[in-house]
Amino acid sequence: MQWNASSGATGYYVYEGATRVATGTGTTATVSGLPTCSTHSYTVTAYNGNGESARSGAVSGTTTGCGNTGLPKHALIGYLHASFANGSGYLRLADVPAAWDIINLSFGEPTSVTSGDIRFNRCPAAECPNVESDADFVAAIRAKQAQGKKILLSIGGQNGQVQLNTTAARDAFVSSVSAIIDRYGLNGLDVDFEGHSLTLNAGDNNVASPTTPVIVNLISALKTLKARYGDGFVLTMAPETFFVQLGYQFYGGNCGGCDRRAGAYLPVIYALRNDITVLHVQDYNSGPIMGLDNQYHTMGGADFHIAMTDMLAAGFPVAGTGFTFPALRQDQIAFGTPAAGSAGNGFTSPAAVQAALNCLVRGTSCGGYALRGGTSPNLRGLMTWSINWDRYYGWEFMNSHKPFLNALP
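Residue numbers for the sequence shown, in my numbering: 1 to 409.
Derived by calculation from the structure, the hints in this document are not laboratory data. Because the structure is a prediction, the values reported are computed rather than measured. Note that CB positions come from ideal geometry on N, CA and C, so glycine has one too. Heads up, a few of these hints could be off.
Stated by the list, open to error - In the DSSO-like style, the derived pairs of lysine-lysine whose C-alpha atoms are separated by at most 27 Å in a straight line are: (1) K226 - K144; (2) K144 - K73; (3) K223 - K73; (4) K73 - K226.
Claimed, not checked - Simulated restraints, written as ranges between beta carbons of each label pair: (5) G367 - S112: 15 to 25 Å; (6) R183 - G26: 50 to 60 Å; (7) G26 - E396: 56 to 66 Å; (8) G87 - R55: 49 to 59 Å; (9) N130 - T167: 37 to 47 Å.
Using the sequences and the accompanying hints, generate a full structural model.
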């Protein structure tokens, strides 16, 4: 990295978070030993005999060697109710339109909250009279994959609480998830942990080196799965804003009296930052969240999507830790919104969703919000809950947003 030299400076320190990673003189310094396709955010200080200066603003960058995900530049991502039916009705995988680029099969759930033993049970015929056979289901997976679509197992959801408190639960998670992926020949995994799956222990204040067992064991399990299946393994995550952006204001490992789940996804995302294919935060079912402008933003309009997504594109300090959560690569970032009002709180009209995309990708229609992370022309796209609800309401989400995504630069 290179900077403008300060008069009277003896040298320069380069920091990643709170860790000093390089020392330089003149106007350049080299940080060596970085893995391929990894994203880093640095600050610089100058020093001389009188001490060290204040830190510069953060500078982010990604190393070379990123693999080809096989996804379009701007993807449409949705959840398919594969193990249950509700008011939206059951939809066969073969009948999902080709517009959907990632299809998350919902849901794999544990045999008990702490077992780590994940099961994926197809919707029973009594609940879903039109459910396809296993053979037809597998044939539909292969047909979608032949079209370039990615079919993932989504674990968790509203009812599937997963707490990997022990290494035995971690190992059961890896074994059972692998068995499901192998049985159906899936492309990867979506982590949709909600509720009380992730909670930080009191005093666990180091985002980069967590000690809470449910966090440590999940990180280990996901790294093991990634290593087992290699670069082609698609890993996505769908945390709620409570577990990510709220960490700017409250962090569960150190906040007195607050909910210890606040920001609890951050150490998981940080540890897997070089392995995540897409992080699509749920911009719904959320209370007001403070953005980088130190203003509260409320779901349901373009402003919320802009402010929440900008936090991932810019990075942000995690409350009370001295740690700056680094920006993700643009191609790793999407945001989620309900397909319809019946699907979840925070439905956003197609016009408002597209205004948010125009702001984030093109820098227009920002409504006065100043992007701290700059424009993101490689923003990955949109996620919705759910494909079933979109079908129920005549495919408004898909028909509005797929052509719009295709037209983005």
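K144 paired with K73 [C-alpha distance capped at 27 Å]: holds, 18 Å
Given a hint of 50 to 60 Å, does the C-beta separation of R183 and G26 actually sit inside it? Taking Cβ atoms as reference, R183 and G26 lie about 58 Å apart, which means the hint holds.
Are the Cα atoms of K223 and K73 separated by 27 Å or less? holds, 25 Å
Taking 27 Å as the top limit, are the C-alpha atoms of K73 and K226 close enough? holds, 22 Å
I want to verify a distance hint. Is the separation of the beta carbons of N130 and T167 within 37 to 47 Å? holds, 42 Å
Would you say the C-beta atoms of G367 and S112 sit inside 15 to 25 Å of each other? For S112 against G367, whose Cβ atoms are near 46 Å apart, the range 15 to 25 Å is violated.
Keeping to a limit of 27 Å between CA atoms, is the pair of K226 and K144 held or broken? holds, 22 Å
Taking 56 to 66 Å as the hint, is the beta-carbon distance of G26 and E396 inside that range? holds, 57 Å
Just to be sure I understand the hint, the distance between the Cβ atoms of G87 and R55 should be within 49 to 59 Å; is that true here? holds, 52 Å
Consistency note: the structure conflicts with earlier hint 5 alone.
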